[in-house]
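Protein chains in written order, with UniProt numbering: chain A, 1 to 398; chain B, 1 to 285.
Keep in mind that the hints were calculated from the coordinates and are not lab data.
Check the hints yourself; a few may be wrong.
Distance windows between CB atoms, simulated [claimed, not checked]: (1) Lys285/A x Asp273/B: 29 to 37 Å; (2) Lys11/A x Val128/B: 24 to 32 Å; (3) Asp287/A x Ile83/B: 56 to 64 Å; (4) Trp75/B x Asn162/A: 23 to 31 Å; (5) Asp287/A x Val128/B: 21 to 29 Å; (6) Gly31/A x Ile127/B: 34 to 42 Å.
Idealized CB from N, CA, C, for every residue including glycine.
Okay, here's what each chain looks like letter by letter:
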Amino acid sequence: MKKGETLIKVKNLYKLFGKNKKKALKLLDEGYTKKEILDKTGVTIGVQDANLDIKEGEIFVIMGLSGSGKSTLLRCINRLIEPTKGEVYVDNTDIISMDKKELREFRKEKFGMVFQHFGLFPYRSVMGNVEFGLEIQNVDKERRKELSKNAIQQVGLSGWENKMPASLSGGMKQRVGLARALAVEADYLLMDEPFSALDPLIKRDMQDNLIELQEKIQKTIIFITHDLDEALKVGDRIAIMKDGKIVQTGNHEQILTEAKNDYVKEFVHDVNRSRVYDARDIMTKPDDILYIHEDGPKTALHKMKNYNIDYMFVCDKNKKYLGYVVIEDVKEAIDQKKSVLDDIIKKSRTAKTNENLNNLFSKITNNSYPLPVVDHDNKFKGLITKTNIITNLSRDND
Amino acid sequence: MTLSFISMMPVEKIPLGDWIESFVNFLVNNFSGPFNAFSNLISTLISGFESGLSFLPPIVLILIFAVIAYKRKGWGLSIFVIIGFGLLWNLQLWPELLTTLSSIITSVLVALIIGIPIGIIKAHSKIVHHITRPILDFMQTIPPFVYLIPALMFFGLGTVSGVIATVVFAIAPPIRLTYLGIIQIPDELKEAGEAYGANPWQMLYKVEIPGALPSIMMGINQCIMLALSMVVIAAMIGAGGLGKIVLRSLSVVDIGMGFEAGIGIVIIAIALDRMFGKKDDKDTK
Ligand SMILES: Nc1ncnc2c1ncn2[C@@H]1O[C@H](COP(=O)(O)OP(=O)(O)OP(=O)(O)O)[C@@H](O)[C@H]1O
Ligand SMILES: [Mg+2]
Chain A
1 MKKGETLIKV KNLYKLFGKN KKKALKLLDE GYTKKEILDK TGVTIGVQDA
51 NLDIKEGEIF VIMGLSGSGK STLLRCINRL IEPTKGEVYV DNTDIISMDK
101 KELREFRKEK FGMVFQHFGL FPYRSVMGNV EFGLEIQNVD KERRKELSKN
151 AIQQVGLSGW ENKMPASLSG GMKQRVGLAR ALAVEADYLL MDEPFSALDP
201 LIKRDMQDNL IELQEKIQKT IIFITHDLDE ALKVGDRIAI MKDGKIVQTG
251 NHEQILTEAK NDYVKEFVHD VNRSRVYDAR DIMTKPDDIL YIHEDGPKTA
301 LHKMKNYNID YMFVCDKNKK YLGYVVIEDV KEAIDQKKSV LDDIIKKSRT
351 AKTNENLNNL FSKITNNSYP LPVVDHDNKF KGLITKTNII TNLSRDND
Chain B
1 MTLSFISMMP VEKIPLGDWI ESFVNFLVNN FSGPFNAFSN LISTLISGFE
51 SGLSFLPPIV LILIFAVIAY KRKGWGLSIF VIIGFGLLWN LQLWPELLTT
101 LSSIITSVLV ALIIGIPIGI IKAHSKIVHH ITRPILDFMQ TIPPFVYLIP
151 ALMFFGLGTV SGVIATVVFA IAPPIRLTYL GIIQIPDELK EAGEAYGANP
201 WQMLYKVEIP GALPSIMMGI NQCIMLALSM VVIAAMIGAG GLGKIVLRSL
251 SVVDIGMGFE AGIGIVIIAI ALDRMFGKKD DKDTK
């Protein structure tokens, strides 16, 4: 991890919602809880006494349960929400004292934002959405198209420029949201639960993509989530919030091993430490697999040609892992007019879903084919390639 | 019996009618300048549209309408327009048709030019919202006939008064639906606008108006329909066109004549409703 200088600094930040803020602040000083203050004054505590130092090039995760104040804190950083009290510095500039116009210029230059429900304009195409920030900046048309095309390509949506958001899947919509943020070439990305609305498989893909992308773009990212696994996966450092307060800030190790209070412990409780990076986190889905009870050598050859691969994994009808077949054996079986795969299946080592990276590494080093991942029932879950492991190992050792 | 109960009201009759009359008189006497200017503007608009439309031979105009109808909705509506307007031409109602069309276009145009901005302001200002809400409720519950009297007093007998009464009657939907369209834009979209540094003007024309457009279109459609429903009523204060014929046929009990003009109004209503309704029919094809 690159240890850059602090670029965003939040000091003693408060945000209260409601009328009687003075009294609520006083009660807060006297140690009343969020709920007591709400009952007494009708004021909701959004954020209380938050302090953050966000460093260049890191993905800083803010995590907490629903209502803990994550979104509010994030929006105080670009002043979409006006803080009640406290200081925010971005690039050593005090943004609280800016007037509206200065603030707008600052936002254009510094921030890209990604939203939980994508925040795409339904009446604009993919291209139109990605261009939005540039249009606001009055960038001329040619340059706008160029930057947007670039951003669209970075998120892997080339060819979809003219589609309307309504015709895209959730994952693709969020790619558009991300491309819109990338297109403006801002220094900071603010991401408010960008993957929470996606289903688990797509979510994992998107996390991988983000990590991959970050290697290239090296932005400073503030990423919100309520999911500890996600926080551990994408985050360089993590802050945990509760009732508007930041209860702990630290890297993975610190969060997992030195949980500062019961709240964090509870959060961390069911995360097995070795699961931080285990097989399940880094495995990928195969293009296709073969089922012993229905697929013969001909199907196998057809599929291999289709996906341009020279091996395939074979399962029984309950998706239990049996072994793999290679293309030479399949061709031979066809020549010998065999109709089943049974004779040519090769056994291989397998990895369990919760095996850690070091184990996986030693298992795969002298394998010429990817390592299949199975669960405790021997059900096939995915596969791991050498590149998978190596990219993740290097991340782990940073 | 009942009569004696009514006369038992202990308080003397409040001269409400007199008050209103003197208030209106006050306005008429002191603001005749602006009223006249407005009246002139409206009548210029009407006669402009009317002479513009009658400059073209009926057949050309029908074809133009048919092309617009085709562009908006497809063949069905296009054929309907040709047959419907052809029928009116054949029934020798063409001049009346043009008069009615021009006053509807003028009324709707004025209602939209005033109504949509009010709707936008209403969506941004709580004060304006709270002021306009009861007024709009009031305007929508009052029977349209009631608008005729002040319109008559301010602008005299004639098509201009008819248009003004129509504008007042038809302005509520564009205001309401523009307002609704803007406030129902999801927060995330407004935040996206703000987060990328849009100024209020950019927010308006890049986020709010396009986001509210479906709703605004609905407002325009309803505005047109209300304006059409005023055609006959406006004729009571001297507006010309198809409404006038319907009204005349009522007074002389000429069923045939009333029916012909009535059909004319229905044809315009259907054509305009389809042309300025949602554009979806054709898009889904
Ligand atoms: N505009 C508002 N008016 C009043 N209270 C608000 C407002 N916005 C947020 N709050 C309150 O502030 C607290 C923090 O809300 P916030 O949206 O920041 O939580 P969050 O951690 O982002 O939750 P979630 O995971 O549900 O998005 C909550 O108690 C919420 O009810
Ligand atoms: Mg939130």
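Range hint 23 to 31 Å (beta carbons of tryptophan 75/B and asparagine 162/A) holds or violated: holds, 27 Å
Hint check for valine 128/B and aspartate 287/A - Cβ pair distance inside 21 to 29 Å: violated, 60 Å
C-beta pair lysine 285/A, aspartate 273/B: status relative to the range 29 to 37 Å that was hinted: violated, 52 Å
Pairwise beta carbon distance, lysine 11/A to valine 128/B, judged against the given window 24 to 32 Å: violated, 39 Å
Outcome of range test on Cβ distance (glycine 31/A, isoleucine 127/B; 34 to 42 Å): holds, 40 Å
Status of the given 56 to 64 Å range, CB of isoleucine 83/B versus CB of aspartate 287/A: holds, 59 Å
Comparing the model with each earlier hint shows violations of hints 1, 2, 5; every other hint is respected.
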